[in-house]
Every structure is written in structure tokens, then in C-alpha cells.
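Engineer: Letter by letter, the chains look like this.
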Amino acid sequence: MTSAEKYVTAAYLVFLAVVLVYVVIFATKVSRLDRELAELTALAKGTGGRQPAAKPPVRECGPVEGAAERPVREADQGKGSGETGRFPQLPGGPGATSARQPGNSPEGERLG
Amino acid sequence: MIRARQLGRRFGDKRVLAGIDFAVRPGDFVLVTGPNGSGKTTLLRLCAGLAAPTSGELELELDRAEIGFLGHEPLVYRELTALENLDLFGRLYRVPERRERIGMLLERFGLWEDRCERAGAFSRGMLQRLALCRTLLHEPTLLLLDEPFNALDQEGAALLERELAELRAERTFLVATHEPERLGALASGRLALA
Amino acid sequence: MSTWSRNNGALALSAAATCLLVGGTALAFLWVPQDADQGFSQKIFYLHVPVALTAYACFAWGAWKAWRLLSRRQDRYDLESYTAVHMGIIFGVLTLVTGSIWAKISWGVWWTWSERQLVLFLILFLFYSAYFMLRYSVAPGPARANMSAVYALFGVVLIPVSFLAIRLAGTLLHPNPVINRDGPQMSASMFGVFCVCLAGMLALAAALYRTELTGKRLDARLRELRELLA
Amino acid sequence: MSYLVDVATLARKDLRLELRARDTVPAMLLFVVSALVIFHFALPEESSGPAAVGLLWIAILFTALLGLGRAFMAEREQGLLDGLVLAPCDRSAIWLGKTLSTLVFLLLVEAIALPAFALFFDGSRIGPAAIAGVLLADLGIATVGTLLAAMASASRARELLLPLLFLPVVIPLLVGGVGAAVEPDPARYLGFLGLYDLIFAILSWASFEYVVTE
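Line order of the protein sequences matches chains A, B, C and D.
In case it helps, the working numbering puts the first sequence at residues 1 to 112.
In case it helps, the working numbering puts the second sequence at residues 1 to 194.
In case it helps, the working numbering puts the third sequence at residues 1 to 230.
In case it helps, the working numbering puts the fourth sequence at residues 1 to 214.
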């Protein structure tokens with residue numbers, strides 16, 4: 001093999017190596033996604049019913065997520081089940097007329 | 001004047017505002033209340049156009065010249081004097097009879113003696129008053145005030161209440177505050193964020 | 001684009017990429033006559049230049065998506081621009097490696113400042129590495145998307161300007177520039193095979209781009225789901 | 001017309017801030033002179049040949065980098081960019097105002113740096129073409145640099161990020177500047193610098209709005 005042939009084959013091998021490394025990195029990413037999905041489906045099964053979500057098991061903060069688990073805020077309670085977040089009812093302030101726009105959905109008093 | 005449908009804002013993974021619906025019509029005085037971190041400041045920044053919603057829509061019928069925004073930061077240059085700061089923003093907002101208006105505002109907020117003082121030398125309360133002067137400088141039709149009373153002393157708070165009562169008639173307000181009862185009389189509506 | 005057509009698109013593209021690349025390389029080594037003056041070493045030409053052109057295509061695609069982001073204001077373009085630039089820098093690094101191998105064969109040195117394409121890719125590599133530094137140091141959100149888009153647009157404008165600068169610098173650094181083969185004269189068959197290799201490389205880039213984009217969208221959706229359920 | 005008034009207001013504000021604080025220009029001056037001295041000791045035999053011009057240009061680029069690092073310091077530390085973005089003026093006026101003030105600082109520093117270079121190294125290199133090259137390149141440095149400074153100031157590691165963003169983009173300026181000073185017929189290089197300034201000034205002017213708003 002002349003030196004030129006060695007180098008040309010080396011170039012093609014480098015190209016192949018880079019593509020393979022890329023595929024390997026992408027595979028690890030897919031497996032991480034798969035593990036995460038499994039975790040979430042377990043979470044979903046666990047809180048399928050209406051009772052408030054048990055405090056989710058404290059996950060060690062993976063370098064990617066980073067955000068520590070925050071207890072569910074009251075307003076977000078209805079989020080998962082497709083309702084819009086409702087706000088706690090406030091005793092109507094004296095003379096507080098509602099700045100609500102017409103035709104607001106009755107179930108949540110946004111304002112006033 | 002402002003209409004929001006399912007307004008939401010997320011910072012990275014943290015969802016600060018979700019599914020907010022509200023409308024503010026001209027002449028309203030809406031109080032925004034809620035604990036720290038409930039997104040009051042973010043809501044005001046969205047209305048001021050300083051931040052873009054990541055979900056939902058926000059309609060604003062005003063252009064920037066008619067909006068007065070008072071945030072946690074006084075938004076004044078510490079190296080410049082009070083007069084120079086107001087003069088800078090006066091020019092940018094093309095305020096007619098700039099000098100008289102600046103003089104009147106400084107007088108009204110008790111900053112006239114310190115007008116040639118560097119803003120850096122001001123106390124936190126004086127900076128808040130200077131920021132209020134800057135916010136009211138161009139007579140905005142919509143006022144977005146984020147906890148305007150913090151760092152104000154007794155006299156400053158009284159000044160502000162008088163000012164708000166005076167402007168209540170012909171201006172629209174969206175005020176985030178921790179003491180809603182202080183402005184309860186003026187309020188025409190309330191938006192509670194949890 | 002519905003997910004059905006997106007997944008099949010990636011599949012079709014990768015299939016096209018594999019057969020085009022394998023076919024092109026086979027033709028290049030077995031069927032095409034050797035180059036008159038360069039002999040066997042000219043074969044690397046069928047790899048180095050397609051990879052370089054694909055890198056340009058990826059940067060241009062990233063800039064096009066960035067332009068759409070700034071004009072259309074939809075944040076899905078941010079992810080697409082980011083993935084395209086990511087593809088571009090991968091092919092850019094490949095170009096640098098194969099280019100230095102080509103320099104080693106032709107002139108016996110691993111790096112030469114007289115090969116304009118190579119120097120341009122070095123500058124682009126520096127430029128787009130800063131693109132990723134910028135993205136990692138700004139908090140995710142509309143602000144980051146806008147800035148990355150503006151930077152990607154700068155990049156694509158920088159390519160011709162830098163190439164012009166390198167040509168000017170060429171006469172500056174060493175007055176007698178080495179004869180530089182911008183585009184070697186190729187016989188019809190060589191050009192044909194070259195086009196096959198180029199098409200294969202572009203298809204490969206498109207396939208990788210599509211799959212990586214799906215991966216990133218999956219990431220985003222999972223994060224949303226985690227939030228809803230958490 | 002009012003656009004220019006805004007630009008003038010903002011530029012005057014920056015100049016007044018600098019006069020009041022007096023921290024950027026003196027620092028840049030000391031930096032450029034000490035850089036030249038260091039280059040003399042670092043490359044003793046180079047200090048007469050054409051490479052000396054290269055040393056001048058390296059000093060100019062890194063001094064500009066120092067100045068640009070401080071360009072949006074006040075706006076970022078006190079959150080003042082919001083104040084400027086809220087103003088009804090066109091956002092590119094903020095960019096143009098800052099570019100003009102940066103340009104003034106750069107010219108002030110070069111008014112000292114060029115004579116110092118002539119003194120330390122050989123003055124024959126500083127011909128009219130070299131000075132024209134420096135001026136044209138300053139335009140490019142100020143326009144692109146201001147936009148990149150605004151980008152870098154939005155990130156956490158702004159001192160680290162600005163050089164990374166800035167240096168690859170100004171390589172063509174370096175080539176044009178050095179070429180204008182060294183080459184016998186500098187016309188091509190000055191033309192190239194002009195082209196660069198034109199292209200990147202328009203691009204920066206058009207895209208600044210997206211860098212400071214969401």
C-alpha cells in the first residue's frame with residue numbers, strides 16, 4: 001500500500017468513525033429518553049386517580065434536569081386533568097367591581 | 001386596553017405563569033396580588049413588552065410611548081445626577097416643556113434639593129421616588145407599577161397615594177402589590193396569582 | 001409535517017444516503033480512471049469536497065431557519081437552526097480532518113495556510129464554536145433564540161467575507177502563493193461520480209438533521225410532560 | 001430626523017458617563033501602551049520588520065476588546081437596558097449611540113497608541129494608508145463589537161464570551177488593516193475594509209433589535 005493509499009483509506013475510516021460516534025451518542029440519548037418516559041408513565045399511573053399527587057420520590061438532580069422537585073402549587077392542581085388552572089376564590093373586595101371581560105367561563109372567577 | 005388569553009411564560013424548565021386570562025379596559029385600576037414567585041413581575045414585564053409570552057396571546061393596544069413601567073430596578077444611571085437622568089428619559093420620550101415638567105415632578109416628590117446629586121448617592125427610598133418621577137415623566141396612559149410602595153418611607157408612601165388618587169380618574173393602572181388593602185379603595189379589579 | 005411523514009422522511013433519507021454514498025465511493029475507487037497528475041491521492045477529493053459543500057449547506061440552512069425565526073416569530077425554528085448549525089460544525093470538523101490529510105498527501109505537511117478552503121473552515125470552526133458557547137451561557141428562552149439566530153445570520157455573511165480576506169491575506173503572507181486548485185478539471189465520469197458522492201453526503205446530512213431534530217423535540221415534549229405530571 | 005436626535009442623546013449620555021466615571025479610556029490607554037512595550041520585549045528582532053505593524057494591530061484589537069467589555073456594563077448591572085428598550089425610540093438608535101461612543105473612545109486611545117508605536121518601533125510604517133486602514137477598521141470594530149457586546153452582556157460569562165464572539169469576526173478587519181499598512185498598493189485592502197464595514201454595519205443595524213428584545 002503506497003503512503004497515498006494509506007492516507008486515503010485513513011480519511012474514509014475517519015469519516016466512518018465520526019458517523020459511528022454520532023450514532024452512539026444519539027443511541028445513549030434515546031435510551032435516556034426511554035428511561036425518562038418509563039419514569040413518567042409510572043408517575044402517571046401512580047397519580048391516575050383524583051387524589052392529590054403523593055410527593056414524587058425525590059429524584060437526584062440529574063445534570064441535565066437540574067430543577068429540584070417543587071411541591072405542586074395549589075393553582076396547578078387542576079392542570080394535569082386538562083382544566084385551566086383555577087385561582088383561589090377571594091372574598092369580593094368592597095366596591096371591587098369585576099374587570100372581567102364578557103362571557104368569561106363561569107367556573108373560575110378570574111377577577112373581582 | 002390589554003387582553004390576555006391563556007397567557008403563559010416559562011423560564012427554561014420552570015413555568016412561572018400558566019393559563020392566565022384577563023382583560024384591562026381603559027380607566028381600570030387592577031391590583032395583581034400573590035405570594036413571591038407567583039409571577040407578578042413577569043406579568044408586568046409581559047404587559048410592558050419587556051418579555052415575550054412563551055404560550056398564549058397578549059394584545060396591547062398601546063405603543064411604548066404611552067406606557068409607564070416601574071420595576072424593582074429604579075432604571076436610572078447611578079453616575080448621572082437626578083436632573084440628568086430625567087433629562088435623558090425626557091428627551092427619549094420627547095416630553096413637551098421638559099424642564100418645567102422635570103422641575104414640577106422633582107418638587108412634588110421632594111427631590112428638588114438633591115436634583116444635582118449623583119443618583120448613586122441616593123438612598124433606596126430616594127431612588128424609588130426618582131424612579132416614580134421617571135415613570136410619570138411622559139404622562140403615560142397605562143401605568144404598570146411593580147410593588148411601588150417598597151422602600152418608601154411614611155412621607156413617600158403618602159406622596160405616592162396622593163399621586164395615584166389624583167391620576168386615578170384619567171389613567172389605567174396595573175399594580176402588583178403585597179398590601180392590596182392600601183390601594184383597595186382605588187381598585188376596580190383584582191387578579192390573584194397563586 | 002405530521003410525525004408519520006417526518007419519521008418516514010428520515011428513513012427514506014438515510015436509505016438514500018447509504019446507497020448513494022456506498023455507490024459513489026465504490027465508483028470512485030473501482031470505476032473512475034485515476035487522475036493524470038495526482039494519481040491515487042486524488043480519490044480523497046470525492047470525500048473532502050462533498051463534506052465541505054455539505055458543511056456550507058448546513059450553515060446556510062441554519063441561517064435560513066434563523067431568518068424564519070426572526071421574521072415568523074415561531075420558536076420551533078430555533079431548534080431547527082440549532083440542529084442545522086450543529087450538523088454544520090460536525091461536517092466542518094470532518095472537512096478540517098480530511099483537508100489536513102489531503103494536505104499531508106499533496107504537500108507532505110499536516111497544515112498549510114495556502115489552501116484557502118482549509119483556512120476558511122478553521123475560521124468558521126472558531127466562529128461556530130462560539131455559537132455554542134453563546135447558547136450554553138444564556139438562559140433558554142426567546143432571548144437566547146433571537147441571539148442565536150442573529151449570530152447564525154452573521155456566520156453565513158462571514159463566509160464570503162472571510163474567503164475574500166483569506167485571498168487578500170494569501171498575497172500578503174507569502175508573496176508566491178502555491179498553485180491552488182480551486183476546482184480541478186474533471187472528466188465527465190469523474191464529475192458524475194463526484195455528484196453522486198455529493199448527493200449522498202447531502203442526504204446523510206439531511207437524515208442526521210431530521211433524526212436529531214426529532215430527538216430534541218422529544219426532549220422538549222418529555223420536559224413538558226414531566227412538568228404536567230410532577 | 002428624530003432618530004438622529006435619539007442617537008445623539010444616547011451617545012452624549014455615554015460620553016457623559018465616561019467623563020463622570022473616567023474608567024474606560026484611561027484603562028484602554030494604559031493597556032495599549034503596556035501591550036506595545038510587552039510586544040517589544042516578547043519579539044525583540046521583529047520590532048523593525050513589517051511584523052511590527054502586526055503587533056500594533058494585535059494591541060488595537062485587544063484594547064478594543066477591553067473597551068467593548070465595558071460597553072454595556074452600566075446597562076446590564078443596573079438593569080437599565082429595560083429602560084432604554086421601553087423608550088419609544090427605535091432600538092437600533094441604542095446600538096448606533098453606543099457604537100459612536102465606543103468609536104470615540106477607540107479613536108482617543110489610538111491618538112496616543114499610534115505615536116507611541118512610532119516611538120517604540122519604527123515610525124516609517126505609519127503612513128497615510130496605515131492610518132486610513134486603522135480608521136476604517138475602527139468603524140468595523142465599533143459596529144460589530146457593539147452588537148456582540150450586547151449579546152455577551154446578556155450571558156452569564158460575559159467577559160469570557162465576548163473575546164470568543166469577537167475575534168473570529170474581526171479576522172477580515174485584521175487582514176485589511178495589516179495589508180493596508182504593509183502592501184505597496186493599499187487600495188484593495190482599504191476597499192475591502194470599506195466593504196466589510198458597509199456589510200456588517202447594515203447587518204448589525206438591522207439585527208440589534210432582536211438582540212435586546214424578546
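Derived from the structure by calculation, the hints contain no laboratory data.
Honestly, I wouldn't trust all of these hints.
[As the list claims (entries may be wrong)] The calculated lysine-lysine pairs, modelled on DSSO-like cross-linking and capped at a C-alpha distance of 27 Å, are:
#, chain 1, residue 1, chain 2, residue 2
1, B, 14, C, 216
2, B, 14, A, 6
3, C, 104, A, 45
4, A, 6, C, 104
5, A, 29, A, 45
Engineer: Between residue 14 of chain B and residue 216 of chain C, does the CA-CA distance stay at or below 27 Å?
Structural biologist: holds, 18 Å
Engineer: Are the Cα positions of residue 29 of chain A and residue 45 of chain A separated by 27 Å at most?
Structural biologist: Between residue 29 of chain A and residue 45 of chain A the Cα gap is close to 24 Å, so the pair holds against 27 Å.
Engineer: Given the hint that residue 14 of chain B pairs with residue 6 of chain A, test it: the Cα-Cα distance must not exceed 27 Å.
Structural biologist: violated, 53 Å
Engineer: Can the restraint linking residue 104 of chain C and residue 45 of chain A be considered satisfied, given a maximum Cα separation of 27 Å?
Structural biologist: Violated, because 60 Å separates the two Cα atoms, which is more than 27 Å.
Engineer: Can you confirm whether the C-alpha distance between residue 6 of chain A and residue 104 of chain C stays at or below 27 Å?
Structural biologist: Distance ~11 Å between residue 6 of chain A and residue 104 of chain C Cα, so the pair holds.
Hints 2 and 3, counting from the list given before, are not met by this structure.
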